[in-house]
Amino acid sequence: EDQVTQSPEALRLQEGESSSLNCSYTVSGLRGLFWYRQDPGKGPEFLFTLYSAGEEKEKERLKATLTKKESFLHITAPKPEDSATYLCAPRGYNKLIFGAGTRLAVHP
Amino acid sequence: KAGVTQTPRYLIKTRGQQVTLSCSPISGHRSVSWYQQTPGQGLQFLFEYFSETQRNKGNFPGRFSGRQFSNSRSEMNVSTLELGDSALYLCASSLEQSTDTQYFGPGTRLTVL
Chain A
-1 EDQVTQSPEA LRLQEGESSS LNCSYTVSGL RGLFWYRQDP GKGPEFLFTL
49 YSAGEEKEKE RLKATLTKKE SFLHITAPKP EDSATYLCAP RGYNKLIFGA
99 GTRLAVHP
Chain B
66 KAGVTQTPRY LIKTRGQQVT LSCSPISGHR SVSWYQQTPG QGLQFLFEYF
116 SETQRNKGNF PGRFSGRQFS NSRSEMNVST LELGDSALYL CASSLEQSTD
166 TQYFGPGTRL TVL
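Chains as they are written, first to last, in this note's numbering: chain A, -1 to 106; chain B, 66 to 178.
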């Protein structure tokens, strides 16, 4: 059965304090892994797509990496505006499978 | 380019009623997927439409149905509403391939009383 686990569930950082979010997955026929950011009451906002192990993508303070069993979202020197829930979603044969997300709070 | 739009944004219904939600994809996108998001279950896949045909379906009862029109706009319908159907319903559009990036709309918040 396809499974996605994100850790930690919640993370509190001080502004400037770098950290990493983890997404572990067991998905048959992986066809890409997607990262989204979601603010309260809004739809998920696309961040990255990774298709093969070893691939890395960067955008501002965020960097996503992919292995055969995990993906990491590294946040470097975060700012309060990076506070949100971060969702990872591997794509199996016929659908995106979303993890429960990591709620990130960045305090000044 | 305009993003995915969903209407209405908020809806209050009572048990037993039915509801129809609408989604307009990004211009040029031909695939539309629907998701249900609740605090307990997270984001769960409902179904995906491409070229007016249901391409994939999640594990939801038959009370949940959808359709897609020739202009790629999509609707989803929930009949005989239950309290547990209260959720944020999200629509996402993508170009064509199942592996293309999905872009989400703002969602419709459905409350069932």
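Everything labelled a hint here was simulated from the structure, so no lab data went into it. Incorrect hints may appear among the rest.
[Unchecked claim] If you anchor each label on the Cβ, the simulated ranges turn out as follows:
1) A:E43 with B:Y75: 25 to 35 angstroms
2) A:E56 with B:T164: 30 to 40 angstroms
3) A:A51 with B:G93: 42 to 52 angstroms
4) B:P126 with A:E56: 15 to 25 angstroms
5) B:P126 with A:H105: 19 to 29 angstroms
6) A:K77 with B:Y75: 23 to 33 angstroms
7) B:G93 with A:S26: 36 to 46 angstroms
8) A:P38 with B:I77: 36 to 46 angstroms
9) A:T3 with B:R132: 19 to 29 angstroms
[As the list claims (entries may be wrong)] Footprint (simulated), chain A over chain B, 3 or more residues, beta carbon under 8 angstroms:
10) 138 to 146
11) 162 to 170
The beta-carbon is built from N, C-alpha and C at its ideal position, and this holds for glycine as well.
Margin query: Hints numbered earlier in the text: which of these fail when held up against the supplied structure?
Written below: 1, 2, 3, 4, 5, 7, 8, 9, 10
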